[in-house]
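Enquirer: Sequence:
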Amino acid sequence: SQCALALHLTTRYLFTITSTRGISMMPTIPHSYNSNPVILISSLHRHGKGIQVGDIISFSHPILPNMYAAKRVIGMPGDYVSVVTPGKREPDDEDASEVREMMVQVPEGHCWVAGDNLDWSRDSRMFGPLPLALVRGKVVRMLGPWEVA
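With UniProt numbering, the residue at position 68 of the sequence shown is 68, and numbering never jumps.
Please note that a few of the clues may not be correct.
[What the hints assert, rightly or not] Each pair of labels, with its calculated beta carbon distance range:
no.: 1; residue 1: Cys3; residue 2: Phe127; range: 36 to 42 Å
no.: 2; residue 1: Gly78; residue 2: Ser1; range: 17 to 23 Å
no.: 3; residue 1: Met102; residue 2: Met142; range: 28 to 34 Å
no.: 4; residue 1: Leu143; residue 2: Gly78; range: 31 to 37 Å
no.: 5; residue 1: Met103; residue 2: Asn66; range: 30 to 36 Å
no.: 6; residue 1: Met103; residue 2: Leu143; range: 34 to 40 Å
no.: 7; residue 1: Leu14; residue 2: Arg122; range: 26 to 32 Å
Treat the hints as calculated values from the structure; they're not laboratory data. Since we're looking at a predicted model, the values are computed, not measured. Idealized CB from N, CA, C, for every residue including glycine.
Please build the complete structure, drawing on both the sequences and the hints.
Expert: Next comes the structure, spelled out in structure tokens:
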């Protein structure tokens, strides 16, 4: 029972090990058709505590219930971020108002996330700023994938 308690406390307050699916974070988190990548998540960063731009976080998906996702933080509260995919649509240099409309300021209590594989990522460009309350933790290490023979 002490082992079970230690495991519970470790996974609740320190780390979580989980698998991921999809190609939105390639090449950082590799994709395999034989197995899902396994990641180690630091629960010390729950609710966005200590999160910085550039970190990869795990979070409860704001639109799809009971689903978790992992994305890179590209904006924190007060930062201005682009709401379009780079290289997809370029405004005319003359049209500064269109450029302003493509930028958004991340509100307090939120962050802006994007997949490293932008063409295949459902991220803040789709669902808007992510509430920090949905952050499960920071991805600190890749543990897999382990191929199944």
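Enquirer: Per the hint of 28 to 34 Å, is the separation of the Cβ atoms of Met102 and Met142 within bounds?
Expert: holds, 33 Å
Enquirer: A range of 30 to 36 Å was offered for this pair. Does it hold for the Cβ distance of Met103 and Asn66?
Expert: Given about 33 Å between the Cβ atoms, the range holds.
Enquirer: Looking only at beta-carbon atoms, does the pair Gly78, Ser1 fall within the given range of 17 to 23 Å?
Expert: Since Gly78 and Ser1 have Cβ atoms about 47 Å apart, the given range 17 to 23 Å is violated.
Enquirer: In this structure, is the beta-carbon distance linking Leu143 and Gly78 contained in 31 to 37 Å?
Expert: holds, 34 Å
Enquirer: Does the beta carbon distance between Met103 and Leu143 stay inside 34 to 40 Å, or does it fall outside?
Expert: holds, 37 Å
Enquirer: Can you tell me whether the CB distance of Leu14 to Arg122 sits inside 26 to 32 Å?
Expert: holds, 29 Å
Enquirer: Look at the Cβ atoms of Cys3 and Phe127 and judge whether their distance stays inside 36 to 42 Å.
Expert: For Phe127 against Cys3, whose Cβ atoms are near 39 Å apart, the range 36 to 42 Å holds.
Violated hint: 2 only; the structure is consistent with all others.
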